[in-house]
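> Next come the chains, spelled out residue by residue.
Protein chains: 2
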Amino acid sequence: MSDARIGDLDRKDLASRAAGAWAERTQAARAGRDGAVDPSLRAHFAQIQRVGGVAIATTSDGVGTKVELAERTGVYRTLGFDLVAMVADDLAAAGVVPLSLTNVLDVDHIDPVVVEQLMAGLAEACLAADMCVTGGEIAELGPRVGGYGTGMHLNWCATAIGTLPDGQAPLSGSALQVGDVLVGLPSPGLRSNGLTLARGVLESHFGPDWHTVASGGSTWGLRLLTPSVIYSPHLTALRLAVGDALTGCAHITGGGVPNKLGRVLRATGLGAALRRPLPPSAEIAELAMIGSVAPVDAWRVWNQGHGMILCLRPAAVEAALALLAARGCPGAVIGAVVDEPGVHIWHQGPDQPPLSYRGQP
Amino acid sequence: MSDARIGDLDRKDLASRAAGAWAERTQAARAGRDGAVDPSLRAHFAQIQRVGGVAIATTSDGVGTKVELAERTGVYRTLGFDLVAMVADDLAAAGVVPLSLTNVLDVDHIDPVVVEQLMAGLAEACLAADMCVTGGEIAELGPRVGGYGTGMHLNWCATAIGTLPDGQAPLSGSALQVGDVLVGLPSPGLRSNGLTLARGVLESHFGPDWHTVASGGSTWGLRLLTPSVIYSPHLTALRLAVGDALTGCAHITGGGVPNKLGRVLRATGLGAALRRPLPPSAEIAELAMIGSVAPVDAWRVWNQGHGMILCLRPAAVEAALALLAARGCPGAVIGAVVDEPGVHIWHQGPDQPPLSYRGQP
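Respectively, the protein sequence lines represent chains A and B.
Position 276 (the first sequence) corresponds to 276 in the working numbering; numbering is contiguous.
Position 195 (the second sequence) corresponds to 195 in the working numbering; numbering is contiguous.
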């Protein structure tokens, strides 16, 4: 199973690159005018364009197959936190302050009670992230939208808008230096990625009703539904406090630490040594054990406990950790930026050989 | 069939209102700050927010079930025109100049060849609309995305970003006056709405392979796939030329002329008398005949040949028609703004009683 997953990630990357190449042709046509794209964030998900002298950033993402957990548990109120986290934190990782979002909800058949739950949760999550919902679309698409069980099926995505604070540059990773310290921000549950592998593991082990199986004082269904932490307000506060001493930020989503931290390293060609990675969440650790998922694969599919990884100048680390702890979002030093290219993870402790991911992430 | 369709539109409207109410709570929290939403466009799809003194507009939409036509015909290159038309023209109808978009492509399983076709078409359409693609997401969702046949299935949506030209107000409809002239811009095919009813009519009449049936020198599949016209560049040029004499603009999509023109009338409570509506496209006329669709329903589901309806001060009509014709987008006078509330359509000619749509559109 894990080999097939890795192949899927490569295939998706190929399609994304084709999409990117076509997008670049359109961007060339707007160079020098309103809407022109800042080329420094090429490796990032958030993109910045200049409009009337203001830097406007956008990013789009969805909650993927995590919605199946809502369908299995009947709990729809928390998915908005996953949706906001995916887009707000892609903006924040680029140094952008998120302002607002629009959302597109594809459903097979509208159930107004479920829609109300989704939108209430989205509003709560936006308020937590200091964002507003400016608009959206609910598209009723019949059998084009599938899912679990007999209730309303849905796929849900959003596009977030943000801006760069006055005088600040995007956080592209180009300022990274050897010796910059890596700080990990812990993530509970699975966040909103790697759900397909998780469901596959649980279904193989517990059968089709795996979500009802008691586990960890709850059920596997509710454990996988654990809402994503929204880090963006903490990132905004941190950048305000430490300024350019925050040199990079990776939002760990699909492709895991190797892919997402690798994108931050791309601008300089430097590497990352994670000598003390965070522990994976209890859910991820148990899933890896149940499914016999090899560490080299688990680190590619799951975040292994890391919601965000920050790159900081050494002199700023103490103040950054104090600020994050005071905001209820404690971080920990997990490693450093190094000369050797690639992402190297001492997942079994500092005395065992590391996992090393090299090449284009 | 048509009664059920009307009921669906009402149900969707209810869910949209719930979503809107939750969105307003989040907007209240940003009042007076970057990202604050301009309340004048409440009845519109595009929304405008102020960021650093610049008016930024956003709107989100998808191509709905029109993608099934691509799956049935194997032609994926034109869907980008439908996607760009849906979002760019919602912006343009609010007086906004579209600049860029992001897109989210949900698929069951990535076929890189099909993705390449989709993205090439999207780039072509963006270049035609003078927009760039700033980003996007391709989400592989397995059986959560369904469709026709054995190829890649997809659902596709986009969020467009635009700006108000310096010193211009949004085109909210609040300046409408009795006597303003209604100009219709013709639309070929079905644009990107009412496809579900169209497919139902054709399947009932021709069976499951209706898309292969020869019709009008082509096939029904290709006729329903007719790409949407992108009106936004013409609208931008027109507003530049006639300024405030363009008092309103309705982009005719789901809900048809009664709903979409009705939204433009909402700010003033005035009505619209369409004494000489445009003829429906050949496809719509034939579908109505084949399916015995009552006019009162057809006008609610299809655009009946109207891609856009412009509201113009009488003195500006001649210049507007000349400009549009010179740009290859000829318009025609179809009616006027009147005192009597509602949308009144003389669909059988000026000597027969009109269809009248009253109440909240």
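Fair warning: there could be bad hints in the mix.
Claimed, not checked - One-sided excerpt, in silico: chain B residues whose CB lies under 10 Å from chain A:
no.	residue
1	ALA21
2	LEU105
3	THR150
4	CYS157
5	TRP210
6	VAL213
7	SER215
8	GLY217
9	THR219
10	LEU222
11	LEU240
Keep in mind the hints are simulated off the structure, nothing from the lab.
The beta-carbon is built from N, C-alpha and C at its ideal position, and this holds for glycine as well.
> Would you mind marking each hint as holding or not holding in the structure?
Verification of the supplied hints:
{"no.": "1", "hint": "ALA21", "result": "8 Å, holds"}
{"no.": "2", "hint": "LEU105", "result": "8 Å, holds"}
{"no.": "3", "hint": "THR150", "result": "15 Å, violated"}
{"no.": "4", "hint": "CYS157", "result": "4 Å, holds"}
{"no.": "5", "hint": "TRP210", "result": "17 Å, violated"}
{"no.": "6", "hint": "VAL213", "result": "22 Å, violated"}
{"no.": "7", "hint": "SER215", "result": "24 Å, violated"}
{"no.": "8", "hint": "GLY217", "result": "29 Å, violated"}
{"no.": "9", "hint": "THR219", "result": "22 Å, violated"}
{"no.": "10", "hint": "LEU222", "result": "20 Å, violated"}
{"no.": "11", "hint": "LEU240", "result": "15 Å, violated"}
Of the numbered hints listed earlier, those contradicted by the structure are 3, 5, 6, 7, 8, 9, 10 and 11.
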